[in-house]
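Residue numbers (the working numbering), protein chains in the order written: chain A, 1 to 81; chain B, 1 to 146; chain C, 1 to 88.
None of these hints come from the bench; they were simulated from the model.
Lysine-lysine pairs mimicking BS3-like chemistry, simulated, CA-CA at most 25 Å apart:
#1 A:K24 x C:K2
#2 B:K63 x A:K74
#3 A:K24 x A:K74
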Amino acid sequence: MIWLLNLALLILLVITAIAVVVNKDLLAAAITFSVYSFIMAMLYTQLNAPDVGLAEAAIGAGATTVLFIIAISKTARREED
Amino acid sequence: MPELFEDVIVRTIARLLTPFIQLFALYILMHGHATPGGGFQAGVIMAASFILIAIALGLQEAKDRVKQKVRLPMESFGPLTFVVIGIICIACGGYYLQYTTVPLLPSLQAVGAILISAVEVGIGVTVMAMVTTIFFSMAGGKHDTN
Amino acid sequence: MKLAPLIVVLIIGATLAIAVAGMPAFGSSDAPAYTHVVPRYLEKGVEETGVSNIVTAIVVYYRGYDTFGEVTVIFTAGIAVIALLGRE
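Build out the structure end to end from the sequences listed, making use of the hints.
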């Protein structure tokens with residue numbers, strides 16, 4: 001039954017990855033990227049790599065998101081094209 | 001971080017949660033030779049606790065907890081630990097970073113565990129100082145509000 | 001103009017999808033990654049290094065130079081940020 005969890009996580013991963021690229025609101029994209037990192041952390045943990053999962057959860061979902069949000073707060077929030 | 005987040009729930013929870021996050025980081029650091037974890041993860045989690053303080057309680061509060069005077073020497077602590085321990089290993093007749101040649105204790109395994117833990121502590125200190133420094137440098141200081 | 005990148009991406013994606021079929025099975029113990037040096041690390045790791053977490057043993061003991069380089073990279077990144085953004 002574990003493949004069902006894997007499948008759900010992988011589908012969510014693809015959805016969030018596409019959402020990050022498509023979204024024009026950079027703040028929403030940063031938050032979605034944090035969700036992406038968290039799903040990746042769950043997948044790593046599920047693949048018996050808790051070390052990588054721990055690092056991904058702390059760096060990807062924590063530190064990187066905060067740095068992105070700081071960068072957005074110092075520049076423009078919306079992407080222009 | 002432009003302005004303080006004035007919410008009593010967030011401030012209280014952040015103040016209560018911070019010691020536990022730091023304790024977890026120290027556990028990951030010191031127990032990294034037996035359970036998943038290690039220097040990188042512990043350093044980032046420790047830095048995340050200071051980032052939480054900076055977001056919830058204000059940047060100045062976080063800067064008071066890890067002073068720049070302490071943080072800048074800490075940043076060079078990791079490479080220094082590696083170099084010193086590696087040279088000690090060479091001096092004891094082994095290769096660079098061949099920990100088990102150091103005649104510290106009767107048991108070969110204990111020497112490995114102690115020196116590997118020391119190296120992990122060095123890595124963790126460096127990562128913690130670096131991530132907090134990057135955060136403080138980006139968050140504070142000169143920025144034009146738009 | 002938008003069509004050309006899409007075609008390139010689709011071709012690369014199809015190539016990767018075909019290549020997946022040639023990879024060893026998921027979690028297979030016969031995969032090349034698990035047959036070269038991994039058995040020796042798993043057998044001798046604890047008695048050579050003294051730590052029971054094999055990931056830490058490989059990261060800090062067997063691949064000590066790599067970790068040294070990583071720490072130096074992190075140190076350099078911190079120095080670069082201080083040099084660029086000023087000392088707070």
